[in-house]
Structure formats: C-alpha cells, structure tokens
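Novice: Protein chains in written order, with my numbering: chain H, 206 to 501; chain A, -8 to 103.
One thing to keep in mind: the hints can contain errors.
What the hints assert, rightly or not - So the derived list for chain H, only partly shown, Cβ under 8 angstroms to chain A, looks like this:
#1 Ile207
#2 Tyr212
#3 Leu221
#4 Gln225
#5 Pro241
#6 Thr461
Simulated from the structure, these hints should not be mistaken for laboratory data.
Glycine included, C-beta positions come from ideal geometry on N, C-alpha and C.
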Amino acid sequence: MIKRTIYIGKPSYLKLKQKQLVVQEVETKLIKGTVPIEDIALLMLDHYQITISNQLLIQLQGNNVAVVSCDEHHLPFGMMLPLYGHSEYSERIKYQLVASEPLKKQLWKQTVEQKIANQEALLVLNNKVSEPLAEYKLTVKSGDTTNREGMAAQYYWKHLFNNFSRQRFGEAPNNLLNFGYAVLRSIVARALVSSGMLPVLGLFHKNKYNAYCLADDIMEPYRPFVDKLVYNYVNGFRDHFELTKQAKAHILTIATQDVLIDGVVRPLFVAVTTTTASLYKCFTGELRQIKYPELD
Amino acid sequence: MSVNRFSAYRIMWVFVFFDLPTETKRERKAASLFRKKLIADGFTMFQFSIYLRHCPSRENAKVHTKRVKRSLPKHGKVCILEITDKQFGNMELFHGIKEVDVPQPTQQLQLF
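Next comes chain A alone, as it looks inside the complex (with noise of 0.2 angstroms):
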C-alpha cells in the first residue's frame, strides 16, 4: 500500500504543550500526574512540556485528545494541537544551527 493510500486515512499527530505551576508539593505531584497519564496514553516526550503522538486516523486522533482533555490538571496551561502528517512533515527542526530529520511517521509493521 503506497503512502498516498495511507494518507487517505489522515494520519494525523496530537501535540500537547503544557506549562504548569511546580511551585507546592501538591502542584508538582498534579503535573508529574499530568505527564505520566500523557506517557501511559502513548505520547512521546518532543521537548520539555512538548508531547506529540502518531495517530493513525483523524478519529483516533480525535480519541487521543478527548483523553487529554479529560486529564487536565487543575492548574495550569494546556494547549492540544491537531495536525495532518504533511503539515507535521513540513516542520523544520534544529539542533543549535544544524537542521535535523522530522521524526517520521510510525510504521505499520515493525520488526525488532
């Protein structure tokens, strides 16, 4: 099946960037909580407070994010963003001044 086909099923990716207060030891446990229920749902670390998951459809990207919303800490600024694969694909990323690779997609099949 050509990529072109795979993409007729929008593959989507949900991003989550969140900044959230760390000052009392109630605050930190609500976002280390925050973070663990993001992991246990299958997001990756991208950078700090930036987490990204490869979603296989639009409605399975709608699931994923549903389920972020319904873990929100309290306290705190949450942002969950949508977007198609292209658009993911046409991100240009850095390492100080050196550009480096796009993650890419996740493979249907992966052998280890």
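Chain H on its own, in the form it takes in the complex (with noise of 0.2 angstroms):
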C-alpha cells in the first residue's frame, strides 16, 4: 500500500482530533484539510510558524511516520522517528550488530554495483555515451576496495548535466539534488526502522557524525531515480532551478515513481521497504542478494 506524502509550507497549527492529522490556518483558523494519521508516510514541515502539538508528535510516531523539518534555505534539516518501528526489535538489531565483516562488504559490493547500474540506465536512458559505467560495475570488488564507486560518479556527473560538478553546496541543480536526496534519506530511514534496524550502523559510511549511515548506503541505488526525476525537471523548465514550491512538488512525486524490483513494478515507496526487508535477510542469513530497484 502506499502511504501519504504531506508538505506543510504555509502558517499553520498541526493538532490531534480523533486521530486525523487537523492543518489549521493559523490567521482566519480555518480547517484547510484532515488526513488520518495511519495513512501518512512522510509530513514535511517547511515553514518556521508552524505549530504542532505534542499529542499529534507521540501519535505520529506510532504510526513510523518520517517527521521532515526544514531550515532557512527549505532544505530537510531534521528528522524523527521512532525508537523502534518493529515488533521483533530487539531480535533483529542483534542480527544486525553480529553482522561479519565479509558480510558487509559483499553487501557494499552489491550495493555500489547496483547503483552503477542504475546511473548506466539513466545516462542510456537520456541517449548519451554510457560504455565506462558499464566497465566500471564489471570491475567492482568486495568492499570497493577500488573505489569504482566514485570513479563511476565523476564519470556519469560530467556527462548528465553539461558542466555541472556534484557538491553540497554548489551550484543549480545541486540544491534540487539536495532537497530529492534527504527526501530519499528520509524515505529509506522510515524503511529501515520499520524493518526493526538500526539506521545509525552503516555497511560503508562510518562517518562518526552521521546519524544516518546506513539509510545512506541503503539509498545509494536509488539516487539515480532523483536525478531522473530533476534532470526531466530541469530539462522542462529551462533556466529554473530555484527550489520552489512546484519544484518541490515535482521533486516530492519521488514516493511514486515507478521501478523495477524482483521483476514487479512497484511504487518507489513500496520498492524501499522490499529493499530493507531483504536486507534483513540478509544480515540473518536466509538470503544473499539484497534486493534493490533497477532503472529502465
């Protein structure tokens, strides 16, 4: 089933009635909608007047919904979850913190292979020269020792977007990239916890202030399903790679875009959740092979 998807960008009092979600306007205090709180996914929360009662925060949380805040520049800044989105919690994590090493690496090796893929798919899909990616994943090795990875980035970076370089805070489209990106993170963190795993413990990223890592791995495949949706954004519209409201719209669609998983098409949304329930497997030993989407 896929969940809902709600943008608060407006003043606003959030609150609890009979548990719906109530988005109130704060001026006229006029009820602009109610959505029942057992269907929501992700409520991004974009505006610094918003009001939201604690009630709404504990309800919201039981039902794992991903709880987006956004900062000056309407970028996610924060996120919540809830401690434990899984009954077998306590099980699960074991099996994740006893996870060998080979184990991991053999993962990462999947993961970055699928993930060259995926960007391969995308550079074929918009008719241009894709023949080093296709190398480059024939030559990833356990662990990425080689680090084919970010040879593959620099690679695929250069031919999508005409003199474009990927950085965090560099130049359009990198801030629509960014705001797809923690949409994503947000999406596979919500999956991960409700999967019963820890999302702070990473197959690849170690970074010590990262609370995230292995959302961040898990994500990688699926970053090439944000290009697309910005490049066919940016390609629309040209010359318009301010982050408004329609951009974001467009760029919040990523929930339901299509992809290819254990050979059903299927809802991103739907899609992560598969991912991270192999996962799982994974790490207990009932499978060797995450599942992860494909791009065609």
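Could you fit the two chains together into a complex? Lean on the hints.
Specialist: Here's what the structure looks like:
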C-alpha cells in the first residue's frame, strides 16, 4: 500500500482530533484539511510558523511517520523517527550488530554495482555515452576497495549535465538534488526503522557525525531515480533552478516513481521496504542478495 | 506515475450507511459513539448518516470494513459498501437540480 506524503509550507497549527491530523490556518482558524494519521508516511514541515502539538507527535511516531523539518533554505534539516518501529526490534538489532565484516563488504559491493547500473541506465535513457560505466560495474571488488563508485560518479555527473560538478553547496541544480536526496533519505530511514534495524550502523558509511549511515548506504541505488526526476525537471523548464513550491511538488513525487524490483513494477516507496526487508534477511543468512531496484 | 498505475493497486471507496435509533439517551449515546469511531478511522461525512473513506488498495479497504464491523452498535441498521474508484467516478451528484462534481480521490502528495 502506498502511503501519503504531506507537505506543510504555510503558517499552520497542526493538531490531533479523533486520530486525524488537522491542519488549521493560523490567521483565520479555518480548517484546511484532515488526514488520517495511519495513512501518512512522510510529514514535511517547511515553515517557521508551524505549531505542532505533542499529542500529535506521539501519534505520528506511533504510526512510524517520518517527520521532517526544513531549515531557512527550505532544505530538509532534521528527521524524527520512533525509537523502534518493529515488534521484533531487539532480535533484529542483534542480527544487525553481529553481521560479519566480509558480509558487509559483499553487501556494499552489491550496492555499488546496482548504483552504477542505474546510473548507466539513466545515461542510456537520455542518449548519452555510458560505456565506461559498464566497465566500472564489472570491476567492483568486495567492499569496493578500488573505489569504482567514485570513479563512476565522476564520469556520470560530467556527462549527465553539462558543465556540472556535484557538490553539496554547489551551483544549481545541486539544490534540487539535495532536496531530493534528503526526501529519499527520510523514506529509506523510515523503511529501515520499520524493518527493525538501526539506521545508525552502516555497511560502508562510518562517519562519526552521521546518524543515518545505513540509510545513506541503502539509498545509493535509489539516487539515480532522484537524478532522473531532477533531470526531467531541469530540462522541462530551462533556466529554472530555484527551489520553488512547484519544484518541490515535482521532486516529492519521488515516492510514487515506478521502479522495477524483484521482477515487478512498484512505486519507489513500496520498493524501499522490499529492499530493507531483504537486507534483514541478508543479515540472518536467509538471502545472499539485497533486492535493489532497476532503472529502465 | 500515471493514474492507471495507481488503479492497478485498486483504489477503493468504502461507504457506510446507517440508520440508528435515537429514542432514548442510551441509544443516542451509542449512535454518536459509532459515528465518532467512523471519524477516528478516517471516514468523512458524505451526507447525514452516510460516511465514506478513500482506501489506496483493496486490502486496505478490507481493513477498514473489518474495523467498522467491530464497532457496530447493538441496534439499528448499518450497510457497508466497497466500490472501486472507477465506479465512484461514475457517480452522479446533484445539489437541488444542479449537477455537482464527484469528490476527487485523495492525492498521494498533499501540499498545505
């Protein structure tokens, strides 16, 4: 089932009434809408004048909703998730904690391979030269010790957009990409929590300042889907790189993008939960391959 | 994602029609409790004593039907009806003799 994404970009009071999220306009006290909490997946708060009641927050967490708040640049800044989103939480974490180093390296190898494959598919889709990526994909080693990921990315960014360098604080469309990745990250982190895993403990990402290492690992093969959305947006509206409401609405459709996973076409939002469930099975030894989406 | 792909997930609408006795205080209380439970489950009023809910999939519709069944009042008549989004879209609605639009399916992405 595909759950809903709610974006709040105007001054509002958010409260709980009969298990519904109620959005009220601040000045007129007009009720602008109600949404059943159990239908929400992602609640994005993008305005300084949003007031939210604690009772509502607790209900949101009880339903495993990712609450994302945005900063003054309108980029997602913080994310709130429940401490545990699965009934077997303790058991599942045990498996994650004792995962061996070779296993993690294998999983990271699969992740990088699929990421490069998706990057390659996106280049092919836009009639760009993609041969080097095919070669990088075939030479990924366990744990990606030869950094094929970085080499592929360098080639990929150079050829996807003209005169573009991918940097967090770089020129547009970096801002659009950042927004998309942040949304994707919260979707992935939410799915990890609901599969009973710690998003802190990564396969490859180990930065001590990063609280979502595992989410950053697992989202890698999904990144090209964001790139595709941004690419189409930028191409559709030339010279229109600002992070407007329209741009955000376009990028927020990431949750409903079609992806091919495990032989079936599913919305990305559903596919992410398939991936995290298969990741858990890899930790327990039931599976040898993480299920990742394919871009086509 | 196109509308067609969404309907592959079989968007459903669940209707609840009810006629509940309101003669005594106890009956009124039971009736209002039932109505409140419907609202808490995400149903909205369509007409007096007719509530409906948008469900993104068939399985989800079953869940909500089951919940309504669990909260049924002791007396009175209740009817639960599940219809597909397509059938719902074919509904004709009138205000007086003026035709009005059928409510839109809930958007997956909602901007406030």
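Novice: Against each hint, give a clear statement of whether it holds in the structure.
Specialist: Tested hints:
1. Residue-level restraint check for H/Ile207 holds (minimum Cβ-Cβ distance to chain A is 6 angstroms; threshold 8 angstroms).
2. Checking H/Tyr212 against chain A by beta carbon gives a least distance of about 5 angstroms; that is within 8 angstroms, so the hint holds.
3. Annotation: H/Leu221 was flagged as interfacial toward chain A, and the flag is violated, the nearest CB pair being 11 angstroms apart, outside 8 angstroms.
4. Residue-level restraint check for H/Gln225 holds (minimum Cβ-Cβ distance to chain A is 7 angstroms; threshold 8 angstroms).
5. Interface hint status for H/Pro241: upheld, as the beta-carbon distance to the closest one in chain A is roughly 3 angstroms, under 8 angstroms.
6. Given hint, H/Thr461 at the interface with chain A, holds; its Cβ is 4 angstroms from that chain's nearest Cβ, closer than 8 angstroms.
Violated hint: 3 only; the structure is consistent with all others.
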